[in-house]
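Peer 1: Residue numbers (my numbering), protein chains in the order written: chain A, 1 to 147; chain B, 148 to 649.
Everything labelled a hint here was simulated from the structure, so no lab data went into it. Any given hint could be a false lead.
As the list claims (entries may be wrong) - Which chain B residues face chain A? A few, computed with CB under 8 Å, are given here: (1) K313; (2) T333; (3) R337; (4) I365; (5) E369; (6) V537; (7) I544; (8) A545; (9) V553; (10) L561; (11) Y562; (12) V563; (13) F598; (14) R599; (15) V617.
As the list claims (entries may be wrong) - Simulated coverage check for chain A against chain B, where a stretch passes if three residues somewhere in it have a Cβ under 8 Å from a Cβ of chain B: (16) 29 to 42; (17) 69 to 83; (18) 111 to 123; (19) 126 to 138.
Yeah, the Cβ is synthetic: ideal placement off N, Cα and C, and Gly gets one too.
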Amino acid sequence: MVKIHDRIGAIVLLLVCALAWGRSERFPTDALVFPRMVIALLAILSLAMLAKTFFGSRATDSDRPFFINGLRFALTILAILTYVFAVSVLGYFTATIVFLPLMAFGLGYRRVGPLAVMAVSFCGAAFLVFVTLFERPLPPEWILRIF
Amino acid sequence: MIEAFVHAFLGILTWPNLLAMVAGTVGGILVGALPGLTAAMGVAVLLPLTFTLDPLIGLGMMAGVYNGAIYGGAIPAILLRIPGTPAAIATTFDGYPMTQGGRAGPALQVAAASSAVGGMMSAIALMTLAPPLSLVTLAFGPPEMFWVGVFGLISISVLLGDDAVKGLISAAIGLLIAMVGIDPMTGHERFTFGNINLVSGFNIVVLLIGLYALPPAIMLAEEAVVKGIDRATLRFSGEALPIRTLLKLWVTWLRSSIIGIIVGILPGAGGNIAAFIAYNEEKRTSSDPDSYGKGNPAGVAAAECANNADNAAAMIPALTLGVPGSIVAALIMGGLLVQGMQPGPQLFRENPDVVYGFMIQMFLTAAMLFVFGGLLFARYFAQVLRIPQVVLMPMIIALTVIGVYVINNSIFDLYVVLGFGLLGYAMERLGIPLAPATLGLILGGMVESNFRRSLLLSQGDWTIFVSRGVSLTVIALIVLLLAYPLLRNRMRAWRARVGSAG
Numbered sequence: 001m002v003k004i005h006d007r008i009g010a011i012v013l014l015l016v017c018a019l020a021w022g023r024s025e026r027f028p029t030d031a032l033v034f035p036r037m038v039i040a041l042l043a044i045l046s047l048a049m050l051a052k053t054f055f056g057s058r059a060t061d062s063d064r065p066f067f068i069n070g071l072r073f074a075l076t077i078l079a080i081l082t083y084v085f086a087v088s089v090l091g092y093f094t095a096t097i098v099f100l101p102l103m104a105f106g107l108g109y110r111r112v113g114p115l116a117v118m119a120v121s122f123c124g125a126a127f128l129v130f131v132t133l134f135e136r137p138l139p140p141e142w143i144l145r146i147f
Numbered sequence: 148m149i150e151a152f153v154h155a156f157l158g159i160l161t162w163p164n165l166l167a168m169v170a171g172t173v174g175g176i177l178v179g180a181l182p183g184l185t186a187a188m189g190v191a192v193l194l195p196l197t198f199t200l201d202p203l204i205g206l207g208m209m210a211g212v213y214n215g216a217i218y219g220g221a222i223p224a225i226l227l228r229i230p231g232t233p234a235a236i237a238t239t240f241d242g243y244p245m246t247q248g249g250r251a252g253p254a255l256q257v258a259a260a261s262s263a264v265g266g267m268m269s270a271i272a273l274m275t276l277a278p279p280l281s282l283v284t285l286a287f288g289p290p291e292m293f294w295v296g297v298f299g300l301i302s303i304s305v306l307l308g309d310d311a312v313k314g315l316i317s318a319a320i321g322l323l324i325a326m327v328g329i330d331p332m333t334g335h336e337r338f339t340f341g342n343i344n345l346v347s348g349f350n351i352v353v354l355l356i357g358l359y360a361l362p363p364a365i366m367l368a369e370e371a372v373v374k375g376i377d378r379a380t381l382r383f384s385g386e387a388l389p390i391r392t393l394l395k396l397w398v399t400w401l402r403s404s405i406i407g408i409i410v411g412i413l414p415g416a417g418g419n420i421a422a423f424i425a426y427n428e429e430k431r432t433s434s435d436p437d438s439y440g441k442g443n444p445a446g447v448a449a450a451e452c453a454n455n456a457d458n459a460a461a462m463i464p465a466l467t468l469g470v471p472g473s474i475v476a477a478l479i480m481g482g483l484l485v486q487g488m489q490p491g492p493q494l495f496r497e498n499p500d501v502v503y504g505f506m507i508q509m510f511l512t513a514a515m516l517f518v519f520g521g522l523l524f525a526r527y528f529a530q531v532l533r534i535p536q537v538v539l540m541p542m543i544i545a546l547t548v549i550g551v552y553v554i555n556n557s558i559f560d561l562y563v564v565l566g567f568g569l570l571g572y573a574m575e576r577l578g579i580p581l582a583p584a585t586l587g588l589i590l591g592g593m594v595e596s597n598f599r600r601s602l603l604l605s606q607g608d609w610t611i612f613v614s615r616g617v618s619l620t621v622i623a624l625i626v627l628l629l630a631y632p633l634l635r636n637r638m639r640a641w642r643a644r645v646g647s648a649g
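Using the sequences provided together with the hints, build the complete structure.
Peer 2: This is the structure in structure tokens:
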């Protein structure tokens, strides 16, 4: 199974090399040499990785799947994407105080009390460190925009 | 040089600096104690803070995280036989049997004292070797610096892990990503795809956080371990070893420190390799080798001393040549580069307070392990293992998001960090190591600029790369490195044949 993953990985890398090579046609000569050397090297190495999946020892193959849990992986990425979007729209602390307990709850932790404490403590600590101590601007909270 | 150290030492003796070192050490121990989180992740998440802090305060915190995390991995290694960091694998060999024999407290004490000694010896090596070595690089011109960069990339690709092809692929990926943005020599945009956010290239700190902080968090979510370790499992008795018992380990400490320092200087060979070599040497030279693996404190001492002795030594090639000896050293170097500090003799000349101050901070944070590694603190640090991974994971994501946002106040960076998190995840699952890509990102600009400068100097004559003694020496080392995987496989096959014949 690992060999199939390596084959897919090698093919993806070769496609990236092709795209990068084509893109580099627009560069002036001086700016072109080094990128093309690296792209060529990456392509050769990807071919070597692909070749190993056909000619390498079967003893080195294993049944390890690519994803530990594919469904949880997809949902986690979706959750993080949603969280990042929410940070930009609702503000950091609003998005975070919702994300922290919801994410943990979604992953199977069911004790609401500790989750609430964790969310409030984390946001409080983040406010103290980043806003009060370091005075770093964060995405503005939606409620402040209304008022 | 002594004047510079004294001046730097006085500069460190401020409350913010001391607090930063304590906070970093404590934070590092907590990060290291949690399996799945690494010293690299701890430093990567801290990197954005170095922008907002005085450079020396930021570096002090990173020095603390570095030393603290490598020791912190020993706590679950000893109590649960689960190494908190890869560098603590060898610690489980004798640490866990000591726990099984009711001697968890002495094991933790030996680990703390050994880590402190190893870290301090390594810092002394850094202070004595780095300044004179930086002057050697004055003899290096653009062709030599190009080959030194290539040497660093190849050594980390080949020495790390079993698959040199995947290691080199990782390095090439890093070099390619480093080219995104405006070419500094011609001003032409490369690989920006018309996106104005990519004109300045990717922020190195954003990339490093994406590669190191996100993949472990995603994997924690996939594993979804809902329960932490229960309190009863983390209990141990409080008897303390007498100091004279600990001091009997001085030979072990000396041998393991030297091994750790030598391994630390080599790019690609990390604390886990140092720990294994030191453990094997300790067993080999012992009058009672059969006692190893059954709870011999010297086994714990050798592993922990060597893995911490790797730390500061890994900064020697980083500060002098710009080629880091470990992945954490690469991250710290990334932090220095972003502050505008280039490795080499000019770093020691133009920023003596920062660079000498950092060396002293590596020493002091290692010494702090005598305090924070004590039984009282170990009891509290071990409690962090009760936090379920599913609760930790969203906190890591939230910390990553705020850390990345404060770098440039850019939402685009958040999507970049997620993209590189997915890349890092894919690379880890495919067995492609991240360290060479990191080095490619950090060294890419330096390697390319020295390559092009060399060609400019020689007016396009490529023989400039093979016409100087230092260049040829480095090329010979590169050839040896590339031959190493073949030699290693041949040795393994020969040993297997001899073993089966025997």
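Peer 1: The structure should be examined with respect to each hint, and the outcome stated for every one.
Peer 2: Checked hints:
1. For K313(B), the shortest C-beta to C-beta distance to chain A is roughly 7 Å, which falls under 8 Å, so the interface hint holds.
2. Proximity of T333(B) to chain A holds as hinted, the smallest CB-CB distance being about 5 Å (cut-off 8 Å).
3. For R337(B), the interface hint holds, the least distance from its beta-carbon to any beta-carbon of chain A being 6 Å, beneath 8 Å.
4. The beta carbon of I365(B) is positioned within 8 Å of a beta carbon in chain A (closest approach about 6 Å), and the interface hint is therefore held.
5. A cut of 8 Å between beta carbons decides the hint on E369(B): the least distance to chain A is about 4 Å, and the hint holds.
6. About 4 Å separates the beta-carbon of V537(B) from the nearest beta-carbon of chain A, less than 8 Å, and the hint is met.
7. Satisfaction of the interface hint for I544(B) is found here, the shortest Cβ-Cβ separation to chain A being roughly 6 Å, below the 8 Å cut-off.
8. Interface restraint check: A545(B) against chain A, minimum CB-CB distance 5 Å, threshold 8 Å, status holds.
9. For the restraint placing V553(B) at the interface with chain A, the shortest Cβ-Cβ distance is roughly 4 Å, inside the 8 Å limit, so the hint holds.
10. About 5 Å separates the beta-carbon of L561(B) from the nearest beta-carbon of chain A, less than 8 Å, and the hint is met.
11. Using the Cβ-Cβ criterion of 8 Å, the hint placing Y562(B) at the interface with chain A is satisfied: the shortest such distance is roughly 7 Å.
12. The beta carbon of V563(B) is not positioned within 8 Å of any beta carbon in chain A (closest approach about 11 Å), and the interface hint is therefore violated.
13. The interface hint given for F598(B) is met, as the beta carbon of that residue sits about 6 Å from the closest beta carbon of chain A, less than 8 Å.
14. Contact between R599(B) and chain A, as hinted, is supported at the beta carbon level, the nearest pair being about 7 Å apart and thus within 8 Å.
15. Checking V617(B) against chain A: minimum C-beta separation of about 21 Å lies over 8 Å; hint violated.
16. Given as covered by chain B, the segment 29 to 42 of chain A passes the check, having 9 residues with a CB less than 8 Å from a CB of that chain where 3 are the minimum.
17. Check result for the segment 69 to 83 of chain A against chain B: holds, 8 residues qualifying (beta carbon to beta carbon below 8 Å, three or more required).
18. Given as covered by chain B, the segment 111 to 123 of chain A passes the check, having 4 residues with a CB less than 8 Å from a CB of that chain where 3 are the minimum.
19. Under a criterion of three residues with beta carbons nearer than 8 Å to beta carbons of chain B, the stated coverage of the segment 126 to 138 of chain A is upheld, 6 such residues being counted.
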